[in-house]
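Construct the entire structure; sequences and hints are all you get.
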Amino acid sequence: MLTCDPIAMTQRLALLVVGLVVAACGQKSVAPVETVKPLLWSVEKAGKTGHLLGTMHTGVDPDRLPKHVWDTLDAARVLAVETDLSAAAKMPVLRTDGTSLRDELGPTYWKKLEDAIGVDQASRLVGFKPLIPATIVAMHGLPATRSIDGALLDRARASGKTVVYLETLEMQFEVLGKWLDLRALKDMLDDVSLIHTTGQEMLAAYVAGDDARILAITDRERERWLARGRTAAEYDEQMLDILYRRNASWMPAIDKILSEDGGFIAVGAAHTVGPRSVVDLLRQRGYTVTRMTR
Numbered sequence: 112m113l114t115c116d117p118i119a120m121t122q123r124l125a126l127l128v129v130g131l132v133v134a135a136c137g138q139k140s141v142a143p144v145e146t147v148k149p150l151l152w153s154v155e156k157a158g159k160t161g162h163l164l165g166t167m168h169t170g171v172d173p174d175r176l177p178k179h180v181w182d183t184l185d186a187a188r189v190l191a192v193e194t195d196l197s198a199a200a201k202m203p204v205l206r207t208d209g210t211s212l213r214d215e216l217g218p219t220y221w222k223k224l225e226d227a228i229g230v231d232q233a234s235r236l237v238g239f240k241p242l243i244p245a246t247i248v249a250m251h252g253l254p255a256t257r258s259i260d261g262a263l264l265d266r267a268r269a270s271g272k273t274v275v276y277l278e279t280l281e282m283q284f285e286v287l288g289k290w291l292d293l294r295a296l297k298d299m300l301d302d303v304s305l306i307h308t309t310g311q312e313m314l315a316a317y318v319a320g321d322d323a324r325i326l327a328i329t330d331r332e333r334e335r336w337l338a339r340g341r342t343a344a345e346y347d348e349q350m351l352d353i354l355y356r357r358n359a360s361w362m363p364a365i366d367k368i369l370s371e372d373g374g375f376i377a378v379g380a381a382h383t384v385g386p387r388s389v390v391d392l393l394r395q396r397g398y399t400v401t402r403m404t405r
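Everything in the sequence shown is counted per our numbering, starting at 112 for the first residue and increasing by one.
Some clues are possibly wrong.
Under the rule of at most 30 Å between Cα atoms (straight-line distance), these lysine-lysine pairs were calculated in the DSSO-like manner [what the hints assert, rightly or not]: (1) K156 to K178; (2) K148 to K178; (3) K272 to K201; (4) K367 to K272; (5) K297 to K156; (6) K148 to K222; (7) K148 to K223; (8) K148 to K367; (9) K201 to K223; (10) K272 to K156; (11) K272 to K223; (12) K297 to K223; (13) K156 to K222; (14) K289 to K159; (15) K272 to K148; (16) K178 to K159; (17) K289 to K272; (18) K178 to K272; (19) K297 to K178; (20) K201 to K297; (21) K297 to K159.
What follows is a list of derived Cβ distance ranges for each label pair [as the list claims (entries may be wrong)]: (22) L337 to R206: 41 to 47 Å; (23) A327 to E285: 28 to 34 Å; (24) K289 to T207: 15 to 21 Å.
It should be emphasised that the hints constitute simulated quantities derived from the structure, not laboratory data. Bear in mind that the values here come from a model prediction, so they are computed numbers and not experimental data. Virtual Cβ for every residue (Gly too), placed ideally from N, Cα, C.
Okay, structure coming up:
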């Protein structure tokens with residue numbers, strides 16, 4: 112999910128480890144409210160049709176998706192999602208060198224962490240690498256919900272569908288380790304209110320099915336990135352790591368699924384909008400990609 116400055120980019124990466132966050136925070140689902148206008152596309156080529164759904168990894172209860180999304184999934188033979196989070200708890204997120212997060216942050220930033228997420232929760236993070244506290248800070252202002260991706264997986268498995276993972280969890284953690292570092296965490300703690308504001312904006316855009324607004328929120332973050340002293344080259348490298356290389360790496364598997372008909376592809380919403388997105392790459396490959404709902 113979200114956008115691409117050191118603060119908002121962290122929110123998107125944070126959602127890759129939603130399983131860890133739920134375990135760490137004890138989050139529970141909240142009651143669903145208005146129905147989402149889904150980012151759902153039909154994808155057609157050579158007489159065969161599949162579907163692509165942009166998801167929110169957390170913050171939007173899956174019960175808010177309309178019935179036709181679930182009916183479309185039910186009719187598919189194969190579900191493809193980004194990765195298998197079942198082994199997230201085994202990822203190397205704990206410190207093993209005797210250092211502590213409190214010492215690494217220093218007293219000023221440790222106090223900011225306590226103010227952002229609470230003293231008790233901060234105390235439970237002393238032994239973690241920066242990516243986990245950054246994840247929790249990024250998600251702290253979002254509604255505590257089940258994962259849409261997880262709900263799709265549960266339904267697909269219950270009906271005996273084939274499930275395909277587009278990348279490994281290890282690959283996602285490599286991205287996390289690169290970008291969710293101490294500097295990113297400090298940037299977030301310097302402006303926690305921006306995290307909450309951006310998160311709420313993105314949630315509202317997603318619920319409204321406003322793909323143009325999602326892209327606009329993402330695009331504006333370049334200026335914020337540069338204003339924090341980061342370079343344009345770093346920004347471009349980050350976008351390659353987080354979005355563009357990953358989108359391109361998924362295409363062989365997506366092509367195969369769609370060529371066999373009846374595929375349902377579910378990836379984070381940010382991967383479905385704008386240039387070099389999954390939608391864009393599919394169109395470049397000769398698919399007719401049509402938004403189904405607005």
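Hint by hint, here is what the structure shows:
A distance of roughly 25 Å separates the Cα atoms of K156 and K178; the hinted pair therefore holds under the 30 Å criterion. With a C-alpha separation of about 11 Å, the suggested pairing of K148 with K178 holds against the 30 Å cut-off. Restraint check for K272 and K201: satisfied, since their Cα atoms lie roughly 26 Å apart, inside the 30 Å limit. With a C-alpha separation of about 16 Å, the suggested pair K367 and K272 falls inside the 30 Å cut-off, and the hint holds.
Between K297 and K156 the alpha-carbon distance is near 47 Å, which puts this suggested pair outside the 30 Å criterion. At roughly 40 Å between alpha-carbon atoms, K148 and K222 are farther apart than 30 Å, so this suggested pair is violated. Only pairs whose Cα atoms come within 30 Å are accepted, and K148 paired with K223 is rejected, the gap being roughly 37 Å. Straight-line distance between C-alpha atoms of K148 and K367 comes to about 28 Å, which keeps the hinted pair within the 30 Å bound.
Our distance criterion of 30 Å between C-alpha atoms is met by K201 and K223, whose separation comes to about 28 Å. Between K272 and K156, the direct Cα distance comes to roughly 22 Å. Compliance with the 30 Å bound is thereby established for this hinted pair. A hinted pair counts as satisfied when its Cα atoms are at most 30 Å apart, and K272 with K223 does not qualify at roughly 46 Å. Taking the CA atoms of K297 and K223, the gap is near 9 Å; set against the 30 Å cutoff, the hint holds.
The hinted pair formed by K156 and K222 fails the criterion: a straight-line CA distance of about 55 Å is larger than 30 Å. Our distance criterion of 30 Å between C-alpha atoms is broken by K289 and K159, whose separation comes to about 39 Å. Simply put, K272 and K148 have alpha-carbon atoms about 25 Å apart, close enough for the 30 Å limit, and the pair holds. About 23 Å separates the Cα atoms of K178 and K159, which keeps this hinted pair within 30 Å; it holds.
For the hint pairing K289 with K272, the CA-to-CA distance comes to about 34 Å; that exceeds 30 Å, so the pair is violated. As the CA atoms of K178 and K272 are separated by approximately 19 Å, the hinted pair is consistent with the 30 Å bound. A C-alpha spacing of about 42 Å is found between K297 and K178, which places the hinted pair above 30 Å, so the restraint is violated. Using a Cα cut-off of 30 Å, the hinted pair K201 and K297 holds, with the two alpha carbons roughly 26 Å apart.
Taking the CA atoms of K297 and K159, the gap is about 49 Å. The hint is violated against a cut of 30 Å. A C-beta distance of roughly 32 Å is found between L337 and R206, which places it outside the suggested range of 41 to 47 Å. For A327 paired with E285, a C-beta distance near 29 Å keeps the hint of 28 to 34 Å intact. Under the hint 15 to 21 Å, the C-beta atoms of K289 and T207, about 19 Å apart, fit the expected range.
Hints 5, 6, 7, 11, 13, 14, 17, 19, 21, 22 from the earlier list are contradicted by this structure; the remaining hints agree with it.
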